[in-house]
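Student: For the protein sequence lines, the chains are A and B, in the order given. The first sequence begins at 1 in the numbering used here and counts up one residue at a time. The second sequence begins at 1 in the numbering used here and counts up one residue at a time.
These aren't lab readings, by the way, just hints derived from the structure by calculation. Bear in mind the structure is a predicted one, so any value in this text is a computation, not a measurement. Hints may be right or wrong, so weigh each one.
Unchecked claim - Partial chain B-side listing against chain A, Cβ under 8 Å, derived:
{"no.": "1", "residue": "F52"}
{"no.": "2", "residue": "A56"}
{"no.": "3", "residue": "C87"}
To be verified - Below 35 Å or equal to it, Euclidean Cα-Cα: the simulated DSBU-like pairs (lysine-lysine) are:
{"no.": "4", "chain 1": "B", "residue 1": "K220", "chain 2": "A", "residue 2": "K54"}
{"no.": "5", "chain 1": "B", "residue 1": "K369", "chain 2": "B", "residue 2": "K220"}
{"no.": "6", "chain 1": "A", "residue 1": "K105", "chain 2": "A", "residue 2": "K30"}
{"no.": "7", "chain 1": "B", "residue 1": "K211", "chain 2": "B", "residue 2": "K294"}
{"no.": "8", "chain 1": "A", "residue 1": "K297", "chain 2": "B", "residue 2": "K369"}
{"no.": "9", "chain 1": "A", "residue 1": "K383", "chain 2": "B", "residue 2": "K54"}
{"no.": "10", "chain 1": "A", "residue 1": "K54", "chain 2": "B", "residue 2": "K211"}
No residue lacks a Cβ here, since even glycine has one placed at the ideal position from N, Cα and C.
Protein chains: 2
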Amino acid sequence: MAREKPKKNPAGQIFSVRGFKAAGIGAGIKRNGAKDLALILSDSPATVAGVFTKSAVRAAPVLLDIERIKRGTSRGVVVNSGNANACTGRRGLKDAEAIVTFAEKALGLKNGELLVASTGVIGVPLPAEKIRSSLPALFQNLKPSGWTDAAEAIRTTDAFPKIAFAKKRIPGGRTISLLGMAKGAGMICPSMATMLAFFATDAPLTAASLKKALVTSVEKSFNRITVDNDTSTNDTVLIFANGLAGGSPLKPGESGYAVFSKLLDELSLRLSHMIVKDGEGATRFIEVEVFGAKSRKDAELAARKIAASFLVKTAFFGADPNWGRIMAALGSSGADFRQDRVDIYFDGIKVVKDGMDAGKEKQAARAIKKKEVRLRVDLKRGKSSSLKLWTSDLSYDYVRINSSYRS
Amino acid sequence: MAREKPKKNPAGQIFSVRGFKAAGIGAGIKRNGAKDLALILSDSPATVAGVFTKSAVRAAPVLLDIERIKRGTSRGVVVNSGNANACTGRRGLKDAEAIVTFAEKALGLKNGELLVASTGVIGVPLPAEKIRSSLPALFQNLKPSGWTDAAEAIRTTDAFPKIAFAKKRIPGGRTISLLGMAKGAGMICPSMATMLAFFATDAPLTAASLKKALVTSVEKSFNRITVDNDTSTNDTVLIFANGLAGGSPLKPGESGYAVFSKLLDELSLRLSHMIVKDGEGATRFIEVEVFGAKSRKDAELAARKIAASFLVKTAFFGADPNWGRIMAALGSSGADFRQDRVDIYFDGIKVVKDGMDAGKEKQAARAIKKKEVRLRVDLKRGKSSSLKLWTSDLSYDYVRINSSYRS
């Protein structure tokens, strides 16, 4: 499964959302000539919401978007891969601004109506002139079915493009569409990742409602995955809602909003799982669930420490049901528990009972050989609190990819 | 340098400390027949101090020692490798107790005079009978020069045994000797490691003074190294002081204590650096120094995040002076700084100035090819606070060693 195109996202399937166009082309930012410049454009002003990296080192496009998104509406976003435009100082900000300003003028938009996102190598000035001179070709490629091109163009070390789409009827007879695309394969960590994700919907929502729905969904999906515990300078999730499905805005507390919000949850989860399955060098997809914690914070401390452990991740790569490393990770997690109460399950097989070997190593060894493994840890410390995270294993290929990234 | 025997610890050099004996033999705990059982014994009761893992999952020998060390004196410690006796419940405690009790009787010691330490695989019952039946052979091998055998016997994945020795005159004409040995190569993380270290000295100290000196030294050495961010269930550092150098106890604040304390600092640092150089799969030894931090806590947050980063460590393995990953790690460290003020140095070469490329990549690429690299990060946020950590790179061999540890 890992690093293969998921079945739910077959090549050739054509997605579209009323009133949106997308495009992706090669602008020569990547050395290998692959697509590296994308545009998502709404025909009419859309409400917009965004979530950005919590890192203290923020790329120029992030700094720019944080300002621009305050207006609450936008017409779309220009995205490049191959260069993060991070740690590039004032020049980086000027470059980002010059590109969107040029695009706004060429498209007849108002100043401030476009956002920008970048991903790739840090600390190298953006080839702004190359990008600017490629914009006319990018505009010519804009089409309602341009999403797969756009999803291609935002890839860095991603093995496959990531798109998810869903339609749903909401009360009142309207049907809403939601499309999401994402990139990310390394520098993936809880509290976002080197990941970009963009959503477009024709559902009608105010900027405040849209933000509420986005923050809730991101918290349960993109903020719950980890490949390598490294948080990026460029993490960005944007959602555009142009309201073309018609009717009055969907409000929190109402059933239409609930339908939309659930749809966004689902697509965020699907995209975030695609990112983990495409984790650099990943051979296994691992769900880590901690339950029976005293508090949600304890569950989170425990789950994050397990999912971050080099030793747990290499054991998964070697298909070694080495639960001792999970106990060791738990021990230093800071979570409140007693070691002689812990139970651990590999795909439903109890391998640890009350902190000790439950004698099920053979069954566990079979379970861990699967491409997707569910690891459940019961702290038996409380009833209410549980938390799920998703991670990948740590393989030779992770080291290969990351020890030669720039060369 | 890495995974080779350091020059300061040549094979064949014979160490000894008045009134101490040591031994190391094979008891069949390890499958390959290598040495796996060690004993350190003081001819007379020695004052003792210890520092143990902060993990909430503590191995049986750790739990036993925490109780036993309260008496303040001890005759020595029985150590086995190949099995951690962790996550083994009441049986584990009984096994540990049975072994030291048997040894105490055989050696004519009082109940409670021996300590115990274990390292190896977690969650497998200790082969207590095998160990007990090997004790007579262990006792027969006891000799003043037995330290290299003992250091051999406490190895797990260590590529070389780790011993350090020093002698020094203290005011009043006495000469004190201090010998230290350690093991550790993986599950090595700030706040100790899967590491064991044992010190023996003939200096006279009370248990309280000894504890004070030990805690201070450990904080600056063993607690400042990381290979893989995983904290072990078995971390133990013990020091025995038999006072045979003569004279009254060395007291904090006095010059004799200062000499002893400095000696202990030096040996702790040497042993902890040996552990990093022997880091599983390590090809480079990296000193991470953060200075100009607003507070010591900020310096520590920043240094620990950099030293823990998969991406920084794989870049070092690939000899890629990819400072963007260091900036990204800094950004999510939680330390207080401004990205446009940060300077970064590789072996004295300024590669980042005010958060941006300083145009010295070629020189940096040469510097990073060395086996030992000094990485310095100046946050320019304050004057007083700095902190050093030591870590290794992340290589294919780390993955190989840890994905096949038990098979």
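Student: Give a verdict on every hint.
Tutor: Here is what the structure says about each hint:
no.	hint	verdict
1	F52	12 Å, violated
2	A56	5 Å, holds
3	C87	5 Å, holds
4	B:K220 with A:K54	31 Å, holds
5	B:K369 with B:K220	27 Å, holds
6	A:K105 with A:K30	26 Å, holds
7	B:K211 with B:K294	30 Å, holds
8	A:K297 with B:K369	42 Å, violated
9	A:K383 with B:K54	26 Å, holds
10	A:K54 with B:K211	41 Å, violated
In this structure, the hints that do not hold are numbers 1, 8, 10, in rising order.
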